[in-house]
Each structure stands twice: as structure tokens, then as C-alpha cells.
Amino acid sequence: MAYTPQKPPIAESSDALRERISGWGVDLDPKDRPSARRLVFQENTGAHWQFPERQPQKWPRERSIEHKFLTPVFGTACPPKGLSGTIRRLAYARYSEGQSAHWLLLVLADRVDAWEHHLTSFLTLRPDNPITETGVLSEFTRHGLSSRFGQHRADLKHQWLDPIVVAGPWLAAAWLVFSGARKLVRRAQS
Amino acid sequence: MRAMVYRGPYKIRVEEKDIPAIEHPNDAIVRVTLAAICGSDLHMYHGAMPDTRIGMTFGHEFIGVVEQVGSSVQNLQVGDRVMVPFNICCGSCWYCTRGLYSNCNNTNANHYAVGGIYGYSHTAGGYDGAQSEYVRVPFADVGPTLIPDWMSDEDAVLLTDAAPTGYFGAQLGDIVEGDVVIVFGAGPVGLLAARSAWLMGAGRVIVIDHLDYRLEKAREFAQAETFNFTEYRDIVLEMKKQTDFFGADVAIEAVGAEADGAFFQHVTASKLKLQGGGSPVALNWAIDSVRKGGTISVVGGFGPLFSNVKMGDLMNKGLTLHSNQTPVKRQWPRLFEHVRNGYLKPRELVTHRFPLEHITEGYHVFSSKLDGCIKPLVVPSAA
Ligand SMILES: NC(=O)c1ccc[n+]([C@@H]2O[C@H](COP(=O)([O-])OP(=O)(O)OC[C@H]3O[C@@H](n4cnc5c(N)ncnc54)[C@H](O)[C@@H]3O)[C@@H](O)[C@H]2O)c1
Ligand SMILES: [Zn+2]
Ligand SMILES: [Zn+2]
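Same order as they appear, the protein sequences are chains A and B. If you count the first sequence from 1, position 156 lands on 156 in UniProt numbering, and the numbers rise without skipping. If you count the second sequence from 1, position 349 lands on 349 in UniProt numbering, and the numbers rise without skipping.
Chain A on its own, in the form it takes in the complex:
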């Protein structure tokens, strides 16, 4: 009890636990665990350099302004392009990680990026397909209903929102295209 000097006793003694659970207590000594001390000088990390050689830049690589300089090694996936790329470059060039504007711009760029790609995909032989790309058909082959119902799942309360969040923008876009086309047709007819 916390109202007296003693902690509430636990049901099983250490000996009983050692008996019941294979490996109980093999890391008992708090000082003898791999990450017990946060900072431990490592004898051999495998590095044979004081500072790594620098990877060449293929484009002016965007970087956090909290870094003193471009890190010697960096990822080269998906260089910034288009409007989303402009927003991303601005987020990196102007705002440190401590500023919400940095992250809010990056989030905005993500949404712009998605729509840039959805729209241009319709000019290619492989347009985005929300059915195959969401894998939603596995609902039928992977027990969608029985996995969800009668299982005490907390997410049932808000799952009705998922189709709206995922399909909503697509339906809105489809409606815009449809009503735009209808206007054009009507104008052409009149």
C-alpha cells in the first residue's frame, strides 16, 4: 500500500518466476545491460575515418538549417519537383525544425505532391487506381468482417470515417470533373 512504508507485495517470488519463465532475470543487473549507460565510448564501430568522405550532390540537396552543413551522406530518393518541390525547398531553406511552419509546409507539400501525381497519372498508361492501390479487396479474402466484429475493437467506433477520409477527396474530384465536363457540353450545345 502506498499509505504505509511497504510496497504492495507481488504474487510471485523471484524464485517462482525463475522457475516459470525461461530466462527470467538473465539481465537482472541494471548496470549490465547493453544500453544501461546512455553514453558509452565504442571501441570499434567499423568506421575507419574521423569524418566520412563526402557523397557528391546531384542537385542542390535540401537540408535542415539546424545542420551546420550538408551531411556527408544523404538519401537521393525523390528529388523535389513541381509545386510540391517548391514548397518543400522553402520549408527547408527558411524554417528550422523548431518552427511549426517548417512542418506544416512539409505536410501541405505532401498533399500537393499526392494530387500532382494522381492527376499526371491519368496521362500515363498506369493511372492511379484507388481499389488496387489500397488493397481494400483483401477485406473479402482476409476475413474483413470477422476480424472486426464481435472483437471489442476500439477502432470500430471511427472506422465509418475511413472511407470518407480516403475516398472523399476522390469522389469530390470526380464530381468536379463531371460537373465541369457537363458545363462544357451544355455550353457547346447552346
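Read the hints as simulated data drawn from the structure, not as lab findings. Ideal placement from N, C-alpha and C gives every residue a C-beta, glycine not left out. Among the hints, a few may not be true.
Listed next, the stretches of chain B that the computed footprint assigns to chain A, with coverage defined by at least 3 CB atoms under 8 Å from CB atoms of chain A [stated by the list, open to error]: (1) 112-120; (2) 124-130; (3) 205-218; (4) 261-267; (5) 278-291.
Given chain A's structure and the hints, the job is docking chain B with the ligands onto it.
Just chain B with the ligands now, kept in the frame of chain A:
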């Protein structure tokens, strides 16, 4: 080569991409033989991780065969079977030389706050990941290690993230003999944290989730007591009752940004993205379930923006909070022993294997928690 590619929130597909090239003298190119999908990938898949670009290939848990090495690589040879930590680390910066490989200062140009991670958005450096046939592995002399002969491929791939993270999560709890430990989240990370808590001498291990099939796994795999939080009006109060109104000594948060259980928090964070850091439901439960002076370990992943964390309770209760991305390399020697001795059996968590060509289905099943899914693996076509 074939590679998984992100097409926007909840949308991915498999595309043809160029095989990655050596871009730095200490790079290697690894042909992936087995990869996995992690709970962290779901944060990107749901569009919750800033600067996740269309066209990005995800995947940071993988093993494979060295296909090509850069001119300065000394420790690896073409044909070596390797396991690769999810952290990209230089081995020479202030952090790496002190064992904080997950905080490497030389591998993430985009952000100072986190080290480089394979396939984990530009927030973690903009590296293409391993849910593909080939992957570029920077600092080949530092991260990868040869897969020991006795180790199964399933154990090896889980040892690149999920197992070290569970083990590390338990260590961050500073468990001492007889401690009562509550683990929030019965995903691969939480289950491994619960099992690891016993190795450190916990006196009682409790696992909380809302998925009955995962709680069943927690009882069997981690020999833990379990509670489905949807069966209690107030799970924090239930934890108080369970501990004679004392509270737990340690709570481990293995849920992260998309925690469920509070409609308002979940919807504002996960659906509307109004809490850019994510929903801290499980973290707040952790803060309120431990005793005064207790310890919270946070290994669940959160976004870089704000969340509604109960700082007042944390401060008034005098809690200690430890957290980090896992420095995987540092856990390995001891973890290899534990796996070899059978104290930890990460492979028992694998429930599904999806061919790379069917990874879209894999993401939907894992994300929606269908079909009893706990840990899904991805098998590339060329494997
Ligand atoms: N620190 C690291 O280095 C590191 C490494 C790997 C994963 N992670 C993070 O760990 C977390 C778990 O990863 P995983 O692969 O096990 O994912 P997962 O999605 O399989 O597991 C998360 C579990 O949490 C449960 N959950 C949801 N809301 C809850 C609540 N309020 N209380 C208790 N449980 C709740 C879910 O039902 C699910 O079972 C993720 O956030 C991931 O990003 C961190
Ligand atoms: Zn992971
Ligand atoms: Zn480093």
C-alpha cells in the same frame, strides 16, 4: 527491379525502378532476400509522417546478400549474407562513437533531430527502403553484420528492428527486480518488450491493447497478464486497482502516434491531422498508470509536431521519461545470445508472408489488423 512505391495516404503499388547505384565509397548494394512491414511504416502509409514523397519506397527491416561494394568497403564482400540495422549510421560522429547509433549526426541531411533510417520518408533522410529487390546500404562497414549460421532468416529480419526495439524499450524502463511493468500495445514491439521485461527481473508484466488476438499472443508469447482496454470504462483506474492503488513502477509505451481508445484524440490526430505529433492516448495512460517517481519508456513513434501530452501529471508525479529510436547495433551481441539460448523467439511473431507483388494487400491487412496479423514479412520476387 521491382519495388513498393508510395502513391499517397493509404495507397501504394509495385513499380519498376532502377537498381540503386553506389553513391559513396563506403556504400554497398544489397539484394533483399526478406523484408518486413513495421508499425512505423503505417505512420507513413496513413499520411501521418511529414515529407513522405510520392514515389518513395518504404522498408527498414531487411536481410539480404551483398551484390556490390564501394571502393572503401573493408568488412563486407560480394556474396555475404547480411542483416542490416534500420538505423543508417556513420560510426564516427559524436553520437555513434558513444553508441547512440540511432542519433547519428552524419546521415540525415533533412533533419537534425533524427538519424538516417531506410525508407522512412525525407524526415529520416530520404533513403529508399528495402521493400524492393535491391537497396543501397550506406556505411557498409558500420551497420551490417553477417547472419550467424545458426540463426533463422525470420529471427534475423526481426533482429533488424522489432526485437531490438522491444528489448531496448524494456531497458529504457530501468526495471529492477520485482517491478510491476505495464506495456501499452501488443504489436511486435510491445510483445517483445513484455517478454524482455522478464529477462530484467520484472515481478509482474501486464499488457494492454484492444485486439483480443494480440492479447492472446501476449499471454502465450510473453507470459503476461492482459487487459483489453475496451472492456473497462477507465483503464487507468483499473491499473490502480490492480496494484492496490499504488500504480506500476514502469510503463512502456509501444503504440505511438495512432493510438486508439479516445475518440476525440484519435480523430483529431489520426484522421484530421490536427495534432501533428499524433494521438498521445497511450502515453497519457502510461503517465497516469505509474506510481509517483515511476519511469516511462517511450518507443512508440510520434510525429515531429505537437501532441496533447499530460505534462502536468508527468511533472507533479516526478516521473522519469526515457525514449529514443533504437540503436540496433548496440543491442546485437547480447540479443544474439538471448535468441540463441531461446530466451527470446522473435520468429514466433511472424504471422504472414506476402510476395512483394502482393504488398498492397500486406499493408491493408497489417494496417487494418485483419486475419490475426501480428508481423507480416515481404518476400521479394528475386529472393
Ligand atoms: N523506437 C523505435 O526505434 C521504434 C522501432 C520500431 C517501431 N517503433 C514504434 O513502435 C510502435 C509499435 O510498433 P509495432 O510494429 O508493434 O506496431 P503495431 O501497429 O503492430 O502495434 C501497435 C499496437 O498498439 C495497439 N494500440 C492502439 N491504441 C492503443 C492504446 N490506446 N493502448 C494500448 N494499445 C493500443 C494497437 O492495437 C496495436 O496492437 C509504433 O509506433 C512504431 O512506430 C519504434
Ligand atoms: Zn520499424
Ligand atoms: Zn554517426
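Hint by hint, here is what the structure shows:
A stretch counts as covered by a chain when three or more of its residues have a beta carbon under 8 Å from one of that chain; for the region 112-120 of chain B and chain A the count is 3, and the coverage holds. Evaluation of the coverage hint for the region 124-130 of chain B: fulfilled, as 4 residues show C-beta separations to chain A shorter than 8 Å, against a requirement of three. Counting residues of the region 205-218 of chain B whose beta-carbon sits less than 8 Å from any beta-carbon of chain A gives 4, enough to reach three: the coverage restraint holds. For the region 261-267 of chain B, the assignment as covered by chain A holds, since 4 residues bring a beta-carbon within under 8 Å of that chain's beta-carbons and 3 suffice.
Coverage of a stretch by a chain is defined here by at least three residues with a beta carbon nearer than 8 Å to that chain's beta carbons; for the region 278-291 of chain B and chain A the count is 1, and the condition is violated.
Going down the numbered hints, you'll see the structure goes against just number 5.
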